[in-house]
Each structure stands twice: as structure tokens, then as C-alpha cells.
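Enquirer: Take the sequences, apply the hints, and build the full model.
Residue numbering for the sequence shown follows UniProt numbering, beginning at 1 and increasing consecutively.
Rather than coming from a laboratory, the hints here were simulated on the basis of the structure. Be a bit skeptical, because a hint or two may be false.
Only pairs whose alpha carbons sit at most 27 Å apart, straight line, appear in this in silico DSS-like list of lysine-lysine [claimed, not checked]:
1) Lys186 <-> Lys141
2) Lys219 <-> Lys150
3) Lys219 <-> Lys256
4) Lys206 <-> Lys276
5) Lys171 <-> Lys206
6) Lys34 <-> Lys156
7) Lys276 <-> Lys210
8) Lys32 <-> Lys186
9) Lys156 <-> Lys133
10) Lys150 <-> Lys171
11) Lys150 <-> Lys186
12) Lys255 <-> Lys32
13) Lys34 <-> Lys87
Taking CB as the label site, the calculated pair distances span [to be verified]:
14) Glu157 <-> Thr249: 13 to 23 Å
15) Glu251 <-> Arg187: 17 to 27 Å
16) Gln203 <-> Lys156: 20 to 30 Å
17) Tyr90 <-> Gln62: 13 to 23 Å
18) Gly92 <-> Gln30: 16 to 26 Å
19) Thr249 <-> Asp70: 21 to 31 Å
20) Gln147 <-> Glu251: 24 to 34 Å
21) Gly91 <-> Leu201: 34 to 44 Å
22) Ser274 <-> Lys71: 19 to 29 Å
23) Gln62 <-> Glu281: 18 to 28 Å
24) Glu268 <-> Pro111: 36 to 46 Å
Quick caveat, the model's predicted, so the values are computed rather than measured. All residues carry an ideal CB built from backbone N, CA and C; glycine is no exception.
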Amino acid sequence: MLSYRHSFHAGNHADVLKHIVQMLIIENLQLKEKGFYYLDTHSGVGRYRLFSEEAEKTAEYQEGIARLWDKEDLPEEVQRYVSLVKKLNYGGKELRYYAGSPFIAAQLLRPQDRALLTELHPADYPLLRNTFKEFTNISTKRDNGFQQLKATLPPKERRGLVLIDPPYELKEDYDLVVKAIEEGYKRFATGIYAIWYPVVLRQQTKRIIKGLENTGIRKILQIELAVRPDSEQRGMTASGMIVINPPWTLEEQMKKILPYLTRTLVPEGTGSWSVKWITPE
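Expert: Have a look at this one:
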């Protein structure tokens with residue numbers, strides 16, 4: 001079942017959180033001159049037209065990136081993220097395109113860094129391949145992204161970030177995330193792993209957390225932004241990032257940023273945020 005298309009959701013509050021965390025991790029990896037490996041397991045098309053039929057149908061970006069677009073009081077880290085999206089919009093005069101995680105990474109990678117972008121959806125993969133065909137240090141592959149943790153780790157660079165962002169269309173995805181982490185960590189225990197998750201039913205989120213706790217892996221940080229309290233009703237109420245081996249600066253950076261994001265993205269006052277350790281060092 002491959003019905004999920006991220007174009008309906010591009011630029012929403014969950015993307016804002018995910019891509020700020022992604023950017024901060026990559027910036028930390030750049031502090032060393034040696035190159036690193038970036039693996040994006042569920043890449044989508046890489047960038048999105050916000051005036052497309054899909055994006056306009058839901059207009060979720062209006063409650064995400066659009067609320068940051070013209071702000072003058074952005075925290076420094078959020079300003080850098082918005083600047084990355086503005087580069088895709090010809091300097092930022094008008095918000096017409098949104099950068100998916102592959103395009104965020106592509107703008108940050110140095111010549112010595114290397115990336116693999118995987119996508120299984122038959123309609124999305126050709127768009128992804130075409131978008132990045134001119135990038136000499138970025139490869140694309142139509143494949144199950146989970147399998148790439150087993151196939152490509154450890155990388156020759158011995159440094160890197162694995163971004164795991166499945167659609168969670170199937171309940172099995174919650175378990176597949178944990179299995180993929182176990183496979184990857186066996187091969188590349190020093191790598192950074194960043195897992196995005198939605199909160200639709202809190203019990204499903206708890207499955208991932210419990211599964212990760214049972215792996216015995218240490219240094220797992222959980223970062224979450226909610227737009228409204230948990231509910232049994234249909235729809236995503238929150239999203240988060242679980243980061244294994246996070247940079248030592250990430251916890252404090254997000255504690256500084258999240259109060260601002262909560263106020264700005266959720267002006268109704270129903271939002272909340274948290275940063276906590278699932279398992280400490």
C-alpha cells in the first residue's frame with residue numbers, strides 16, 4: 001500500500017520541527033572537516049510546490065512554514081532554517097516551494113560529504129531522481145528505505161546521520177522503525193539516527209519508545225511539539241523527533257527554540273512541547 005503522498009502535508013508544523021532538528025544535526029557534523037554520510041530512508045520527492053492541487057487541498061503549510069516566513073524576531077537557529085527554505089523560493093519574496101528533508105540536506109552538504117536518498121513510491125521516485133540528478137555527491141535509489149540501514153552501514157566515512165521518516169500508513173511501520181534501528185546500530189553504533197513520528201494515537205507512539213528502550217541502546221533523546229492535546233479523534237495532534245546519539249548541543253538548542261515555535265505556530269494557545277531523555281548516556 002503506497003497511497004501516502006507528502007505533498008499534501010509539506011511545510012506543516014511537523015515538517016518545521018523535523019527539518020530544524022535535521023539542520024542542527026548536520027551543522028554539528030560540519031564542525032569537523034572530515035566528510036560524513038547522510039541516509040534519507042523515505043525521501044519523498046525532495047521539494048514541493050505549495051501551489052499544487054495536493055498542497056492547496058489541505059493548506060497545512062499555512063500553519064507551519066507560513067507562520068515563520070515574514071517574522072523578524074526569529075531565534076537564530078530558526079532564522080537559518082527559514083533561510084534554507086527561502087533559497088528555494090528565489091530569495092524569499094513569495095512562499096511557493098517547500099524544501100523536503102533531501103533538499104535541506106543538499107543545501108548543507110559539502111563536497112566531502114555524501115548522501116543516499118531512497119524512495120519506494122512509483123510516482124515520487126522519478127521526481128526525486130530528476131531533482132538531484134545534477135548533484136555529484138548525492139545518489140538516489142528506488143528501494144525500501146528501511147533495508148538501506150542493513151545494506152549501506154557502516155559508511156566508509158564512519159560518521160553520519162540516518163533520517164528515518166516513514167509514512168506510518170501501516171501499523172507495522174512502528175515496529176519496522178525499531179527493527180531498522182537495531183540493524184543499523186549493530187553496524188554503526190556511533191552514527192546519529194533521527195526518527196520522525198506522528199502522534200495520532202499516543203499508544204502507537206509508545207510502541208516505538210518501548211521498543212527502543214528494549215534494545216538497550218543508550219543516549220536516546222525525544223523532542224516533541226504538540227498543536228493540541230492528545231485525542232481519540234482523527235488527525236495528528238503532535239509530532240516528534242527521536243534522536244539516538246544526538247549532538248551534545250541539541251538538547252539545549254531545542255529547549256530554547258521550542259517555546260518560540262509553540263507560541264508562533266500555535267497562537268491559539270493549545271500547543272505544548274517537551275524535550276526529554278528516553279534513555280540517558
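Enquirer: Name the hints, by number, that the structure is in violation of.
Expert: The structure breaks hints 16 and 23; every other hint is satisfied.
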